[in-house]
Amino acid sequence: MAQPFPYTYYSCDCYDSKITPNPSKRASQPPPADDEDERTFDPRNPRSNYSLYPLEHLLYCEDCQQIRCQRCVIEETLNWFCPSCLFEVPSSVIKSDGNRCTRNCYNCPVCTSPMTVNSLENPADPSSSGGPWILACPYCHWSTVEIGIEFEKHTGITSQLTRIGNGGKAIPTPKERDKERERRKELETMKKDRDVLSGSEDSPTTDRGRDDGPPSHDDIFSNLSAFYKSQIASQTPSNPFSPHEINFSSPSSFSRIMNLYSSTTSKKQKREKPAPMREAASVLEGLIIHDPSEDAAAIERIKKEGWSSTLSSTQKFAQPIPTIRFDSELRPIASLLCTKRGKRCRSCRHILSKPESKITSTRYKIKLLALNHILRLSLRALSTTTIQPGTPSPLAFDYNNLKSGIPTHFLLHLSNPLFDPIRVTLATPSTTPGKIQSRVTILCPQFEVGANTDVWDDALSSSLSPIKKPTSIGPDGQPQTSIEAGKIWDRGRNWTSVIIEVIPGFVGGIGFSVGKSDPEDELDEDEDVLEIPIFVRLEFEADVNAEERGLGDSRGERGAREKREEAFWTVVGVGRIAKM
Amino acid sequence: MSRPSARKAAPKGEYIETDSGNKVSRRSAITGTANITLGGRTVIMADVHLRGDLHPTRAVPSSSGKDVTPTSISIGRCTVISTGSVIKPPCRISRGQVHYYPMKIGDNVFVGPHSTISAISIASHVHIGDHTTIHPFVIIKENVKILPNSVIPANMVIPSSSVVGGRPARVIGEVGEGWGVSGGGAGVGGGLGVGGGGEKSWVEGGDLRELVRSIK
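Chains as they are written, first to last, in my numbering: chain A, 1 to 580; chain B, 581 to 796.
The shape of chain A in the complex, shown without the other chains (with noise of 0.2 Å):
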């Protein structure tokens, strides 16, 4: 749990309030006991982990009035930018250049963190340009030095990159690399015919002799790409309807020419198949042939280097290419983009948050927070409430250590942000669910919150009538006596505060389990935190909404009052139970 204790979750029902079977069919079930129990929430069931939200996150829809979670609105992406430079790139540049950063902004492939560019200039010897320059990691110490990269210039890293291969080999433009590829097909045509006309059988030897080593990736995927180009050509018949080529791997310009097919010719000739494409059948044709020498050779490296020279998986995921095996091989990791996105609701589209486009601003056009139309529910223990801020109190209340079997007392308290009075109701089960259970009492389940009005009334309002605190206070500072059921513990303009009565259960169970070590009984992670589902009703009576109010003006007259309500589920995370 990220958050410290004591927390409270939101639950968003999108996702569940789609599957819930129809009501009618439920009833004619025999156990309604059943029914009552599985729509008690429960925090641990695995599904609750994608509905339980902090109230922070949580946007609000004003005209489907509900609350909106992550994963019931639609997001928009309104700019890209890189997260290091804060440069914005178009939508332009993301189509061609992909979502990584084009600038100086690359990220070390062993540990992460953004790289710096440094000089290598020898003192003894400067030069002009004050080069060479690397890449270093000012984390771990990592630079391109140990994969043989220098560069001549301090900017324009990442074209300077894309020239250097490690070790400091050159790699081939795609435009030179195509070349190559027309050259060596030509060497094998040639050859072929040679071969033919001579019969004699050196052609795999004096291929090797000119080959330097495998082809790399991008040679596979060149090759394999020119391939596939050259047989979407082939087949691609002269189509006399379009003077330009049409590309058949884009859909729309495919189903053109089937709709002029379909108007003009016969249905045979449509129907008619097309050949199906041979697949590549050699190097250079984007054929990999499976090497075990490669094998091998990377077998003998981990003998002679170890482990520490292979890479994890995450590194190797955070590759341009995830077939890597050794550090070696390792390139920096162009940082990659982050995005401003916009929120709309998923069921009516109204927009719910939007932030302002320009990449420094961090305000908001439109932003519908849940905060400002949901109650806030917050937890704390009773106990602290009596020590004076300010003075640290020795005996704060530890929220990670919860003693088992002693009824503790919490305050809920409950603040509106609204600016009509609502009336909540809670309701909790009388024991959490999970294998600890702990019994759970709110001792004032209904009751009234004020409205969020000015908060010069609430100074106002005090002073004349002074908000009834608990008189009898106990020598020991524990207001014990004056905890009564049905009764709010405090009220103030805005907010209310009830009293939970919490007995928090056993951990490893009470019964007699002494030398047997039952599987079931076996704890899972966090299974002794203490979490409290609690049901929250609201009923408050709200002017009509304008939208509403001009549909149906006919019949409601100005400064409409409706009934409205609603209700959600709230996790309140309390805290550890100790170990006995």
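Worth flagging that the hints you see were computed from the coordinates, not collected in a lab. All values reported here derive from a predicted model rather than from experimental measurement. Be careful, since some hints might not be right.
To be verified - Subject to a maximum C-alpha distance of 30 Å in a straight line, what follows is the list of computed DSS-like cross-link-like pairs (lysine-lysine):
{"hint": "1", "chain 1": "A", "residue 1": "LYS435", "chain 2": "A", "residue 2": "LYS403"}
{"hint": "2", "chain 1": "A", "residue 1": "LYS340", "chain 2": "B", "residue 2": "LYS684"}
{"hint": "3", "chain 1": "B", "residue 1": "LYS684", "chain 2": "A", "residue 2": "LYS358"}
{"hint": "4", "chain 1": "B", "residue 1": "LYS684", "chain 2": "A", "residue 2": "LYS365"}
Given the structure of chain A, go ahead and fit chain B onto it with the hints provided.
Same frame as chain A, now just chain B:
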């Protein structure tokens, strides 16, 4: 009772309060006071070390005659530096000489206990967890949450509205839209638990005025 005598009673407390409302602990270690600016209502807790003595040396023009005191640390308003933290301006060695650069911390920044900070710039509404190390020349933008026990590598730029954590730190998420928004003016009334839960009357990344007020 006259005013000076009322002032005299004050030194009993933990904090020295300045005219602009800054609260500086008596047990903090501040060096180079002349090079530090506090924006007002900023809290420096006990055992905090502010290295104002490490100020930029290059920037001072000696020709003008009048000595301009260089700023080494400038901290905004309502910022809280918790106990045991060290704020040290970043330095760089260039041509055999150590050069310090002025660092800037914005408003409503919370620095957790026992952190070491050498960032060049921290914007406003940043929440830094405890035991965090921020290496030199890090730039942190607005509304960033840094999880406890993180180490932020040198020269890292953290974009706004991100959650950062790990060793080395990386961006692991985004703060929600409601980050730093205290719910519907609830802060004043209860005086307790308006945050995500718990005992604090302030929200991470929000206005820290309440927190500053509560520190005595």
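Consistency of the hints with the structure:
1. A:LYS435 - A:LYS403: holds (16 Å)
2. A:LYS340 - B:LYS684: holds (26 Å)
3. B:LYS684 - A:LYS358: Answer holds: LYS684 of chain B to LYS358 of chain A is near 23 Å, not above 30 Å.
4. B:LYS684 - A:LYS365: Roughly 28 Å separates the two Cα atoms, so the pair holds.
Consistency with the previously given hints is maintained throughout, with no hint failing.
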